[in-house]
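Q: Each chain is listed here by its residues.
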Amino acid sequence: MAVDEGLRSELQKQGVYVTTWDQLVNWGRSNSIWPLQFGLACCAIEMISTAASRYDIARFGSEIFRASPRQADLMIVAGTVTKKMTPQVVRLYNQMADPKYVISMGACATSGGPFHTGYNVLKGIDRYIPVDVYIPGCPPTPQALLEGLMKLQERIKSRGFGAAMADRQGEYPVPAFGETGLKPKYNPEVWQPPTQHPFDYQRVPQPKPAAPGTPA
Amino acid sequence: MMLPPIEELKTALEQLLPGVSLSVDGHALVVTPKDLEPVCQCLKETERFGLDYLANLTAVDYPPDRMDVVYHLCSMAQKHGPVTVRVSLPRANPVIASVTPIWRGAEFQEREVYDLYGVRFEGHPDLRRILMWEGFVGHPMRKDYVPEDQNAPEAA
Ligand code: SF4
Chain F
1 MAVDEGLRSE
11 LQKQGVYVTT
21 WDQLVNWGRS
31 NSIWPLQFGL
41 ACCAIEMIST
51 AASRYDIARF
61 GSEIFRASPR
71 QADLMIVAGT
81 VTKKMTPQVV
91 RLYNQMADPK
101 YVISMGACAT
111 SGGPFHTGYN
121 VLKGIDRYIP
131 VDVYIPGCPP
141 TPQALLEGLM
151 KLQERIKSRG
161 FGAAMADRQG
171 EYPVPAFGET
181 GLKPKYNPEV
191 WQPPTQHPFD
201 YQRVPQPKPA
211 APGTPA
Chain B
1001 MMLPPIEELK
1011 TALEQLLPGV
1021 SLSVDGHALV
1031 VTPKDLEPVC
1041 QCLKETERFG
1051 LDYLANLTAV
1061 DYPPDRMDVV
1071 YHLCSMAQKH
1081 GPVTVRVSLP
1091 RANPVIASVT
1101 PIWRGAEFQE
1111 REVYDLYGVR
1121 FEGHPDLRRI
1131 LMWEGFVGHP
1141 MRKDYVPEDQ
1151 NAPEAA
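Protein chains in written order, with this note's numbering: chain F, 1 to 216; chain B, 1001 to 1156.
Hints were generated in silico from the structure; no laboratory data involved.
Hints are supplied without guarantee of correctness; some may be wrong.
List of simulated lysine to aspartate or glutamate pairs, DMTMM-like, C-alpha gap at most 20 Å [to be verified]:
id	chain 1	residue 1	chain 2	residue 2
1	F	K183	B	E1148
2	B	K1143	F	E179
3	B	K1010	B	E1045
4	F	K183	B	E1154
5	F	K84	B	D1115
6	F	K151	F	D56
7	F	K84	B	E1045
8	F	K183	F	E171
9	B	K1079	B	D1115
Computed from a prediction, not measured in an experiment: that's the story for all the values here.
Based on the provided sequences and hints, a complete structural model is requested.
A: Spelled out as structure tokens, the structure:
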């Protein structure tokens, strides 16, 4: 049950602090997000500089990059996800402990970016795993990554701990290598192909030829 | 020691290897496929050239019927280079002798050219795909390669 904001600040002035269980837990959870330590391409360089002293992600409690998925609860997909790397990324996600979150950092992880029309790059990691925050940019600046992290913190705070634990993510199917790309091409549970995509050259709708007799 | 201009290099090679047919196109020494091995051997072993380092090996696709393999050679011992050597192959069935026995560093580069362009290197110790996975069909750097439509709906 939420405490009325005005009452709470009045009480605080008198030195009385009230909170709820969810607020307390989420305050702790959102301020100690441990990211998984891996980078896939140039975006990772910006992520590294975000973690270094100048931008100092430690101010937001996320400085502990873990090299094991078992100890991490945030996956920052920083960089180009090639088709060849996708199974490993999905498998790492599966191995993370619940509740877990994903930030898709940069144009590549979100949509394939500059390699969108290429033969070897996945057009967005959200085809296989659920993404919480997308950060645009090529690469996003460290400030943008911090903004994304703050958005994720807001998201964590907006949901009760019990509810977050209840919708456990579980295992997502790991794609296999096919003859021209990954099989399946996406996980229909998390992603559906757009029926019309303005930027996708392969699916630009062709104008219908005018029926005979219609005025131009 | 400076490397002689490419024209003189050609003349010198023709004297050393009677019977090879060479020509010069721009900055490149154009070699016929059957002469590649002796020419490379000679460029490496002759002290005057001393081209002991294969800096780069790549291919160029010229549809509809030509596929070039390009070699860039440098000399570590004499600090000169690069020399460009080029071979034209038929695009339908590009086969060329491997230079891995001559320059060990060619191994991965030849695998990459095989993977992406489909050029087969005879005498290569381990000719497999290197960037794409086993079971991938086609050679994606060929100009007529059409990538799959990743947005094509999956059959439910
Ligand atoms: S979005 Fe740009 S900076 Fe980031 S991995 Fe892709 S190409 Fe590199």
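Q: Now, for every hint given, state plainly whether the structure supports it.
A: Against the structure, the hints come out as follows:
1. F:K183 <-> B:E1148: Holds. F:K183 to B:E1148 sits at ~12 Å (cutoff 20 Å).
2. B:K1143 <-> F:E179: holds, 18 Å
3. B:K1010 <-> B:E1045: OK: B:K1010 and B:E1045 at ~16 Å, within 20 Å.
4. F:K183 <-> B:E1154: Roughly 9 Å separates the two Cα atoms, so the pair holds.
5. F:K84 <-> B:D1115: holds, 14 Å
6. F:K151 <-> F:D56: Measuring from Cα to Cα gives roughly 17 Å; hence the hint holds.
7. F:K84 <-> B:E1045: violated, 40 Å
8. F:K183 <-> F:E171: holds, 17 Å
9. B:K1079 <-> B:D1115: violated, 32 Å
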